[in-house]
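Now that you have both chains on their own, put them together as the hints suggest.
Now for the letters of each chain:
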Amino acid sequence: MEQVAFFAGAIGALGGAIAVIALRNPFYSVLALVVHLFSLAGLFLLLHAEFVAAAQVVVYAGAVMVLYVFVAAYVGGVEEPLWDAIPGQRILAPLIGAALFIELSIAVLGSGLKSLGDEGEVIPAGFGSPEAVGRLLLERFLIPFEAASLLLLIAAVGAVVLAARRPAPVDRGGAA
Amino acid sequence: MIETPAIDYGALSPIIALVAGICVVLLVGLIGPRGRRGLSSALTLATLAAAAGLLVWQLGEPDADLVAGALRSDGLSITIGLIVVAAAALVVPLQLRDPAAEEAGFGETHTLLLGSVLGMLLLAEAQNLISFFVALELLSIPLYVLCGSHRSRSRSLESGLKYLIVGSIGSATLLYGSAFIYGGSGGATDFTAIAQGIGADLADDPLVLIGIALVAVGLAFKVSIAPFHQWTPDVYEGAPTPITAFMAVATKAAAFAVFARFFITALGPSADQWQPALAALAAVTIVVGNVGALGQDSLKRLLGYSGVAQAGYMLTGLLLGTVKGIDALVFYLAAYMLINMAAFAVIAVRERETAYGDDITAVQGIGKDRPALAWSLTISMLALAGLPGTAGFIGKLFLIEAAVAGNYTWLGVFIVVGSMISLVYYLRVVAAIWMRPAPRLAPAMAGASTEAAGEPGLPRRTGEPGRTPSGAPSGGRCWLVLGAILAATAATVAFGIVPSPLIDFSAHAGEGLASMLGPG
Chain C
1 MEQVAFFAGA IGALGGAIAV IALRNPFYSV LALVVHLFSL AGLFLLLHAE
51 FVAAAQVVVY AGAVMVLYVF VAAYVGGVEE PLWDAIPGQR ILAPLIGAAL
101 FIELSIAVLG SGLKSLGDEG EVIPAGFGSP EAVGRLLLER FLIPFEAASL
151 LLLIAAVGAV VLAARRPAPV DRGGAA
Chain V
177 MIETPAIDYG ALSPIIALVA GICVVLLVGL IGPRGRRGLS SALTLATLAA
227 AAGLLVWQLG EPDADLVAGA LRSDGLSITI GLIVVAAAAL VVPLQLRDPA
277 AEEAGFGETH TLLLGSVLGM LLLAEAQNLI SFFVALELLS IPLYVLCGSH
327 RSRSRSLESG LKYLIVGSIG SATLLYGSAF IYGGSGGATD FTAIAQGIGA
377 DLADDPLVLI GIALVAVGLA FKVSIAPFHQ WTPDVYEGAP TPITAFMAVA
427 TKAAAFAVFA RFFITALGPS ADQWQPALAA LAAVTIVVGN VGALGQDSLK
477 RLLGYSGVAQ AGYMLTGLLL GTVKGIDALV FYLAAYMLIN MAAFAVIAVR
527 ERETAYGDDI TAVQGIGKDR PALAWSLTIS MLALAGLPGT AGFIGKLFLI
577 EAAVAGNYTW LGVFIVVGSM ISLVYYLRVV AAIWMRPAPR LAPAMAGAST
627 EAAGEPGLPR RTGEPGRTPS GAPSGGRCWL VLGAILAATA ATVAFGIVPS
677 PLIDFSAHAG EGLASMLGPG
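Protein chains in written order, with the numbering used here: chain C, 1 to 176; chain V, 177 to 696.
These are calculated hints, taken from the structure and not from any lab test. All the given hints hold, so there is nothing to weed out.
For the chain V half of the interface with chain C, some residues (derived, Cβ under 8 angstroms), not all of them:
{"hint": "1", "residue": "E179"}
{"hint": "2", "residue": "L202"}
{"hint": "3", "residue": "A246"}
{"hint": "4", "residue": "L247"}
{"hint": "5", "residue": "S307"}
{"hint": "6", "residue": "A311"}
{"hint": "7", "residue": "V321"}
By construction, the Cβ of each residue, glycine as well, lies at the ideal position given by its N, Cα and C atoms.
Just chain V, with the same shape it has in the complex (with noise of 0.2 angstroms):
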């Protein structure tokens, strides 16, 4: 007789919301035209929605181990699943004119990006090791897919193939440590029993601290920490623009989640070990993405050393150990990701009316002609560089200060360093914007929007026989993108000057794990 494990169907929801919207797009997509994108990405969006609307719900809700100790339905996991969930419906309108989601078909696109965000919703509330694992998997095969969807282009395909063959050296990375984790914990499984396992007195024994240092290594692949980052530039530039926005943020956050999450339940008698390793490879990571986003043309390479950098940024607020570090985390994740979306729609707005793909010259003297374009764009500069008056400040400002508060005041200098050293990158597209001319090649306009962006000079591609020619620009639809913009940067600014919404928003992050956390 099988004992069916008590499911408790309400802190449940959202994922239940996810694949049942999963299975919906999916159908949707094979009924009808293939490109029927209105209603697809309605019905996407529609599923975010819902599951948005039940995370906030169970915010309210208290903390619950769920499905015999599978997940857990936690603060920490809930801010994250919102923030995930709110960069997939930044990223929905991106894609109503995107080549790559023409190409592979809107139905897919949209329900590989589900899975994806079902796949972080599941990870950032993992709570043992099997779960952990299936979740992660469910998280990157469909970003593998979705990097190579533009298959026309040559560029896209390697990215695809890049970001497997890394991604799978992380997880086999990840799967060996916690093989030697399993082991040296006493075969346990969940985070709470590998605690247990491990101890007082298998803390700093070999076994332990080898399979630790292993799922490091797999979760810094994840997350693009240096020395583990070679791929994140060329996979960025590669990629989709929408896609690339979407790892850059929904990723990292979920990755971190989970890293938070296991480092600090399971792996908490070990901290004395792990917490300077990590802390030398914050800063390795900040040195690393700030000197080599210097002098880089492509903005997405830019972006792509930038979130490197930012990276090793979160992994302070992470390696403390404190609430106040959980809660920055959280904060900078929720900041970056609104910070992010806007500076990579702006990008993928100009790939498609230039011919200048992402390259830097794309947005040279757009002040005059696209001054939204144009101030959102410097504003996202300006709060990644965390200049006052932004979110990206106010999160650096937390960060630094949980940093001082947990002894780790050198790794604040690091950052305080490592944003100076990242002024010089971010001012140099905000001067591109205002201080250039506008290049003498007259824009493509948008009609070219089908065309491969990216390689200026190539012949275009005219649209598959039986397809409507799809480059036309309606209003709405830029508007819609215009309207993602213009609120992400709006957002950036309110919660850089009024950032008191977004700090109690983060503050249940910490609450989540609070019970395993030292003060301050």
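Just chain C, same shape as in the assembly (with noise of 0.2 angstroms):
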């Protein structure tokens, strides 16, 4: 059962990543990373992770896709190309890109690590759950959580920023 949900999961998994480059429309796009999001959210549970799960569906799945379907749906139907290539790029890129998977691949199926192969560690009861993620976040990583609070109101203001009112552009690229 386990490892059916594993596959069903992994599948959707990679199968949404890939749509996610290869449709050429975005509204399908941005659907195909939901897919992907979801599945993913499914791994985490088998992991375990309750709460990480729910946070992926929630925010995620959630409430950052509304906002690309939003953003596709007011740039939508855009029909210039949306790169120019650069000479030798369409050959290039996925040469590197196989490059490096063998390379990830090689990594993980040689490494002598002990815990792959095997069941894996015991996971402790209550790991995942939200208070064992809350307690973490204020004992161990309190920290990074205050950092990442900060982060946000930075990026708050770093988003007025740039979208304020604009000032009455002076060449072609001002208005885009």
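Here you go:
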């Protein structure tokens, strides 16, 4: 049962990710991303990370994706090609990607790490629950937690700077 | 029941001062009129001064792990913190008449600047993977925005977008690598725990090695090490000049600090594996940066490529894994900060005074009219090339000395050859200053400061209604910028002749990591 769930999640995640970059219509790409994120949430559940799975669904598949859909609907229907290929890019990019994939496969398959290949570590009761995550955030990772809140503040200020009423553009690109 | 971790407020005080400063600057920016540059700048400088004072105080205190081991306050983090704060303090006067800061609002610009400084301080102190990543993002995100903050110039927008995309790729690569290292070390996030987890058994395990490679690539994007440097010239050219100056200097300092701490503390067991790889990267970077800078007409692009080459020199100090190497790295970073701030400030001033933007034409023949600017830029160029009598020379000397002592003599040779190549393009700037006649077109004088710099011949943009026309230079502001330029230049020369204060300063950095480092 667990294996079936794993392969279902893995195929969904990989298929969704490939579809995001392969589909031409940005709106379908966004939908494929939703499939990908839901599958990932399923994989997190298998890893006993219930809180992360729930957050994934609520934050990414819910909130962030709604934003993406809005953006795709707002600027969608652009007929221009999305990218001007650099000469040789269409050949080189897949080659480099494949090389990286082979390297990563060698790394994972060739590793002598003991916990790979057997059952893995025994998971303590309460692992991944909201309580345990909250405890980690307030005890061990207090500083990153606080820094992340400041990061959000700064990002909000940045968004205001970039999105504020535009001054009169002096050149073509200013109004883009 | 939550067991709150012990918090050493004394050691955290520079961070707390910055956070408080960010809130005050942001709120003051919201009240009052948009153009309130004086108050905002003064508050920013006060915040930076408070942080600097607290950092100096901490320099005398013993090293400490802070808040459940998330951060570490030691010589390395404090010296890098002081370099970053000094760079930010030199940028603030430059922004006073900066069209980008005017457009985005001073409160917002300074908030973002201080946010980035906070990220850098946290990054220099970070000693677990989580705070490492969060601090890196806190450093980067304000910079993405600041690069694109001059929205009426398409170049600035392009620069911001390019930096955002490339920076995100760097961050993602780094995160991917961290995940491999986390797995390879048996689920450790603290740097010391990672070193124990890797130990001798897994030091050359492919899983750990791919993690190290990915983290190195992610950091290489941040410090612009070839072949991950392609974004540097474009972003440097497009970003508002004060931001370029800050990025060039402070980002490099903070990223090198965490680079050193992570590779030496956490990945120390695998040092035999990553040392040759980083040495090859350093050699490639020195060649690519110096060759790329030849024939650049835009001064900011030239300094961008020069920054790539300098990153190669600095990487040499890092990869040796010795106290001497780290000392040389921090010395070089401090000298580089002074030199680069002076050079970029001169470019910024000329950008506002002429219609040539950052083209080399803008500094042609300024020897007669503007001797102070001319001498500052000349000394900066010579110091970047590493001529004796400047801090740049002493910095290179230390790096080469450390490289020889660390059995990387061939890298020392690369530094020397790279410096020789670099003389070609640095001397080209010096020649333009002193030997070329001033361009025929009369300079548009300082009144044109709000006009889009870098695009000559475009119609001038009038200020928004309700905003005071901000072009007219008032004597005080000019003197502030000029004072910053002259101070940085004077320090460059002074530390070139009497380097001992700066040597003592950088020696703190090596002490911080001494327990992890080899001697020599």
